[in-house]
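S.K.: Residues per chain are reported as follows:
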Amino acid sequence: MEGLNHVGDHRNSLSLCFETKYSYCLNILYILSILEGAEIKSSYLKFSTWRDSVTSPVTSEPVNRNPSAMDVVQKEHSRLLKRTEASQGIKNVQSAIDSLQAARDAIAADPSAASTTLASLQNSVKSSFDSINDSLKETHSGLNKYTKSLDKLFKDRPLPSTDDDGLSSHESLINRAIAMHLLREGQFGVAATFLSEIAEQNTIYPVTQNGSGPSNTSASLLDIDEVPSTEIRKQFASMYYILQQLQENRNLLPAIEWSRENREALEARGSNLEFELCRLQYVWLYHGGANNQGTASGWLAALEYARQEFHVFVPRYLREVQQLVGAMAYSPNLGGSPYAALFNNTSAWDDVAHFFTREFCSLLGLSADSPLYIAATAGAIALPTLLKLQTIMKSKRTEWTSENELPVEIPLPPQYLFHSIFVCPVSKEQATDENPPMMMPCGHVIAQESLKRLGKGNRFKCPYCPSESHPKDARKVFL
Amino acid sequence: MAAELTSTKLNPESHIILDQPLLRLPHELARRNFKTVQRAVEREKEYVIPAIKETAAASLSNTQTPDQTLAALDAMISRMQGLKRKMESLQEEEKKIHNQSRKRIQHLETLHKIPSLADVKYDQWSRVRLDRLLVDHMLRSGYSESAKQLAQDRGVEELVDLGVFTQCQRVVDSLRRGETKEALQWCGENKAALKKSQQYIEMVRTQDKSKKIEAIIHAKKYLIPNHQSQNSEIMRAAGLLVFTQDTRAEPYKSLFALDRWRFLAQLFIQTHHELLSLPSQPLLHIALSAGLSALKTPLCHSAYTSSSSNSQSTSTSVCPICSTELNELARKMPYAHHSKSYVESDPIVLPNGRVYGKQRLMEISRKMGSVGPGNVKDPTTGEIFHEGEMKKVYIM
Chain A
12 MEGLNHVGDH
22 RNSLSLCFET
32 KYSYCLNILY
42 ILSILEGAEI
52 KSSYLKFSTW
62 RDSVTSPVTS
72 EPVNRNPSAM
82 DVVQKEHSRL
92 LKRTEASQGI
102 KNVQSAIDSL
112 QAARDAIAAD
122 PSAASTTLAS
132 LQNSVKSSFD
142 SINDSLKETH
152 SGLNKYTKSL
162 DKLFKDRPLP
172 STDDDGLSSH
182 ESLINRAIAM
192 HLLREGQFGV
202 AATFLSEIAE
212 QNTIYPVTQN
222 GSGPSNTSAS
232 LLDIDEVPST
242 EIRKQFASMY
252 YILQQLQENR
262 NLLPAIEWSR
272 ENREALEARG
282 SNLEFELCRL
292 QYVWLYHGGA
302 NNQGTASGWL
312 AALEYARQEF
322 HVFVPRYLRE
332 VQQLVGAMAY
342 SPNLGGSPYA
352 ALFNNTSAWD
362 DVAHFFTREF
372 CSLLGLSADS
382 PLYIAATAGA
392 IALPTLLKLQ
402 TIMKSKRTEW
412 TSENELPVEI
422 PLPPQYLFHS
432 IFVCPVSKEQ
442 ATDENPPMMM
452 PCGHVIAQES
462 LKRLGKGNRF
472 KCPYCPSESH
482 PKDARKVFL
Chain B
2 MAAELTSTKL
12 NPESHIILDQ
22 PLLRLPHELA
32 RRNFKTVQRA
42 VEREKEYVIP
52 AIKETAAASL
62 SNTQTPDQTL
72 AALDAMISRM
82 QGLKRKMESL
92 QEEEKKIHNQ
102 SRKRIQHLET
112 LHKIPSLADV
122 KYDQWSRVRL
132 DRLLVDHMLR
142 SGYSESAKQL
152 AQDRGVEELV
162 DLGVFTQCQR
172 VVDSLRRGET
182 KEALQWCGEN
192 KAALKKSQQY
202 IEMVRTQDKS
212 KKIEAIIHAK
222 KYLIPNHQSQ
232 NSEIMRAAGL
242 LVFTQDTRAE
252 PYKSLFALDR
262 WRFLAQLFIQ
272 THHELLSLPS
282 QPLLHIALSA
292 GLSALKTPLC
302 HSAYTSSSSN
312 SQSTSTSVCP
322 ICSTELNELA
332 RKMPYAHHSK
342 SYVESDPIVL
352 PNGRVYGKQR
362 LMEISRKMGS
372 VGPGNVKDPT
382 TGEIFHEGEM
392 KKVYIM
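These protein sequences, in sequence, are chains A and B.
Per my numbering, residue 12 is the first one in the first sequence, and the count goes up by one each step.
Per my numbering, residue 2 is the first one in the second sequence, and the count goes up by one each step.
It cannot be assumed that every hint is accurate.
Unchecked claim - No farther apart than 30 Å at their CA atoms in a straight line, the calculated lysine-lysine pairs in the DSS-like style are these:
#, chain 1, residue 1, chain 2, residue 2
1, A, 86, B, 36
2, A, 86, B, 97
3, B, 341, A, 472
4, B, 36, A, 93
5, A, 102, B, 46
6, A, 102, A, 86
7, B, 104, A, 102
8, A, 163, A, 86
9, B, 36, B, 104
10, A, 463, B, 333
11, B, 97, A, 148
12, B, 36, B, 85
13, B, 149, B, 122
14, B, 97, B, 85
15, B, 122, A, 163
16, A, 407, A, 166
As the list claims (entries may be wrong) - Stretch-level coverage of chain B by chain A, calculated; a stretch enters the list once three of its residues show a Cβ under 8 Å from a Cβ in chain A:
#, region
17, 41–54
18, 87–101
19, 340–352
Stated by the list, open to error - Residues from chain B shown here face chain A by an in silico Cβ test under 8 Å; the list is partial:
#, residue
20, 31
21, 61
22, 75
23, 110
24, 304
25, 335
26, 336
27, 365
28, 395
Hint data in this document are derived by calculation from the structure and do not stem from the laboratory.
Remember, it's a predicted structure, so these values are computed and weren't measured experimentally.
Virtual Cβ for every residue (Gly too), placed ideally from N, Cα, C.
All chains, please: the whole structure from these sequences, using the hints.
M.R.: Written as structure tokens, this is what we have:
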């Protein structure tokens with residue numbers, strides 16, 4: 012709310028007045044847009060004016076009711092559970108059996124009393140059935156109340172009714188993603204079962220898979236038909252082994268060995284993984300290594316390790332190596348030295364494990380976190396907005412016309428932004444390969460199409476600063 | 002009024018859209034269970050009460066020997082004992098269902114205690130959800146063993162519906178083999194709910210194709226009770242009996258086709274899911290198609306390597322859409338809409354046109370051994386430039 016910042020500004024009361032009114036209007040629009048829940052791009056909903064939002068049939072975000080719908084569900088359910096446990100149904104059946112049995116015994120003992128016994132039996136059995144039905148009725152009403160609470164909880168929140176989600180035809184790609192996810196999470200047993208079940212089903216019911224598009228360049232490691240190749244399976248198995256050693260046994264050696272084998276590739280990435288691992292090993296040795304005894308022997312072991320290993324790092328990490336070795340001078344009172352932080356980093360092991368995973372996956376061209384996890388989570392976050400959009404569009408009988416771009420912005424947590432985003436400040440369109448960002452000589456960037464429109468082949472003034480330039484002077488930039 | 006670019010707000014009430022079947026399914030099972038109890042009680046009541054009345058009347062009018070009276074009572078007792086046994090097993094089932102529901106409600110309630118999407122607890126919760134979605138997907142695709150194993154490994158058995166789907170799968174398998182027995186049995190169990198369903202009749206019809214005589218008996222048994230609702234279908238089914246299997250006359254030809262079995266299996270799955278208010282698609286598909294679009298940017302399938310997120314540079318993590326697992330899958334998806342640029346702070350451009358955050362670029366170059374002082378190395382292309390060649394770039 013730009014305008015709000017000006018409210019406190021007393022330099023010019025006239026402008027203040029104007030600004031306040033202006034900000035007030037903006038506020039209303041803003042609130043309406045919140046009510047609407049989703050800001051719809053005007054080009055998609057051409058007639059979406061603010062008045063529409065007022066009359067919009069879409070309900071606003073549910074106000075925090077007290078108690079919440081979830082609480083009600085919980086309460087109704089525990090009531091239902093209690094009722095089930097206290098159910099008299101079976102007891103009543105037993106009492107009917109008992110009276111039948113008693114009547115039978117009575118008649119067996121004295122057949123002459125049969126008609127009177129049977130007459131009273133009739134009543135008692137009937138009353139048993141009545142109580143059974145009463146208890147059933149109670150259960151029934153409990154079930155209904157629970158149904159209602161569920162309906163309320165999920166009110167206005169139907170699951171999206173997409174006939175074609177664009178994914179069903181890519182079953183094999185989804186299965187591949189799942190298999191890789193399982194491998195990545197170290198669930199090798201499940202992954203193996205999964206792959207063999209897929210293979211089995213493919214032999215029994217050969218399905219004609221349509222739309223397994225052209226494999227992309229980085230897929231060389233993975234053959235689409237041959238869902239996770241044995242190569243990737245091996246890779247993940249070794250990654251999992253190294254991580255397990257690192258986290259559970261505090262054994263850095265397999266990780267260090269791996270980083271040595273891949274030294275060149277890591278160095279090209281500017282990764283200092285090998286050094287980080289060796290440094291941790293050094294610190295670990297100093298603290299007594301595996302047997303965790305006094306520092307005296309640890310001190311020696313660390314120094315010995317430094318003598319053997321650190322010379323490789325001297326050209327690149329001279330300062331760090333100097334710090335590590337220099338710290339030894341303070342032993343055994345390292346805690347009070349300027350180097351304390353280096354040696355007492357509680358999250359060091361987790362950091363290194365995370366670092367290792369990221370480097371390992373990156374060398375395979377894979378993202379560090381499971382993409383399936385990130386995508387599914389992002390999907391769950393995005394769904395409410397997308398559903399609201401669907402409802403709005405249905406109620407306004409509008410079609411979402413752009414196939415390439417979602418018509419609504421979905422706010423995700425910052426860690427879900429992976430790429431830089433360039434939105435042309437002139438056209439408000441996102442840059443694409445066809446319409447890339449162009450930098451003018453003054454350093455301002457606009458999209459290529461905007462550049463063409465502004466310049467029309469002649470010199471033109473930058474929309475953001477006074478400098479003039481020719482469109483052909485603008486250069487394509489890569490974000 | 003652009004919406005916020007990023008948000009970590011967690012609204013638990015709208016966040017559980019995907020979790021409806023989690024509570025709905027056990028509830029449907031509980032209701033079905035209840036109806037079975039109700040029917041059983043009703044049946045015994047309708048037998049026992051008139052039976053007592055008759056026996057009483059008979060003994061009053063002395064038309065019955067005492068032995069006959071005792072025999073009648075014994076029959077009643079044994080039926081009531083049968084009812085008791087049945088109710089006991091149903092009550093066990095009911096308890097199991099309710100306990101499962103309770104665990105699921107607890108699972109959803111934890112979400113209410115998580116303050117924001119950035120919280121570590123949300124991460125854990127979401128991982129459990131992914132496991133649930135995966136099991137759901139596996140079960141629907143018929144990979145029951147994997148589903149079971151995954152559920153056990155992750156300890157989410159109470160949160161997934163192994164039993165329901167395994168049963169469904171068994172029927173589907175038998176249908177694909179060309180057997181209708183299991184499917185008919187299922188239909189029998191769910192007769193009440195299936196009243197309007199066309200499926201019942203479909204099942205029966207296909208049976209006709211094997212043996213004619215058997216088919217006629219079959220038709221008498223299963224088709225006649227349905228003749229009011231499905232008259233034209235039955236006429237057609239009866240017509241089938243006249244034609245041989247290699248007929249060319251439509252519609253009979255298509256009814257004899259082998260594809261019919263696959264169609265039936267599909268129809269069965271559809272009806273089964275509808276009855277239990279299960280969505281027709283795997284939940285994973287719903288989550289993924291939303292998630293892929295929300296994450297996708299035009300850069301994910303660009304011909305040029307992105308400077309901001311690629312596998313060449315250690316200071317960035319590979320974007321999940323660019324990662325091999327999902328890249329192909331996301332190709333046809335729309336990309337997310339953004340109304341504001343989002344770039345690294347203090348962006349500079351190198352002579353090759355690549356844009357980086359100044360701090361990050363300096364940091365990377367410092368870490369790389371081969372870069373001399375005063376130089377920077379483009380982490381994407383590997384080119385080396387002098388620091389003076391960095392040019393400030395303004396991105397609005």
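S.K.: Regarding the pair residue 122 (chain B) and residue 163 (chain A), is the alpha-carbon distance no greater than 30 Å?
M.R.: holds (26 Å)
S.K.: Straight-line Cα separation of residue 102 (chain A) and residue 86 (chain A) no greater than 30 Å?
M.R.: holds (26 Å)
S.K.: Does residue 36 (chain B) pair with residue 93 (chain A) here, judged by a C-alpha cut-off of 30 Å?
M.R.: Given that 30 Å is the threshold and the Cα spacing comes to 19 Å, the pair holds.
S.K.: Mind checking the alpha carbons of residue 86 (chain A) and residue 36 (chain B) for me, to see if they're no more than 30 Å apart?
M.R.: holds (23 Å)
S.K.: Below or equal to 30 Å on CA atoms is what counts here, so check residue 149 (chain B) against residue 122 (chain B).
M.R.: Measuring from Cα to Cα gives roughly 25 Å; hence the hint holds.
S.K.: Tell me if the straight-line CA distance from residue 463 (chain A) to residue 333 (chain B) falls inside 30 Å.
M.R.: holds (29 Å)
S.K.: With a cut-off of 8 Å between beta carbons, are at least three residues of the region 340–352 of chain B near chain A?
M.R.: holds (count 7)
S.K.: With a cut-off of 30 Å on the C-alpha distance, tell me whether residue 97 (chain B) and residue 85 (chain B) pass.
M.R.: holds (18 Å)
S.K.: Can you confirm whether the C-alpha distance between residue 407 (chain A) and residue 166 (chain A) stays at or below 30 Å?
M.R.: holds (21 Å)
S.K.: With chain A as the partner, please determine if residue 365 (chain B) meets the hint condition of a C-beta pair closer than 8 Å.
M.R.: Because about 5 Å separates residue 365 (chain B) from the closest Cβ in chain A, which is inside the 8 Å limit, the hint holds.
S.K.: Against chain A, with CB atoms and a cut of 8 Å, does the hint on residue 110 (chain B) hold up?
M.R.: Hint holds; residue 110 (chain B) Cβ to chain A Cβ min 6 Å, cut 8 Å.
S.K.: So if I understand the rule, the pair passes when the alpha-carbon distance is 30 Å or less; does residue 341 (chain B) with residue 472 (chain A) pass?
M.R.: Between residue 341 (chain B) and residue 472 (chain A) the Cα gap is close to 23 Å, so the pair holds against 30 Å.
Checked against the numbered hints given earlier, the structure satisfies every one of them.
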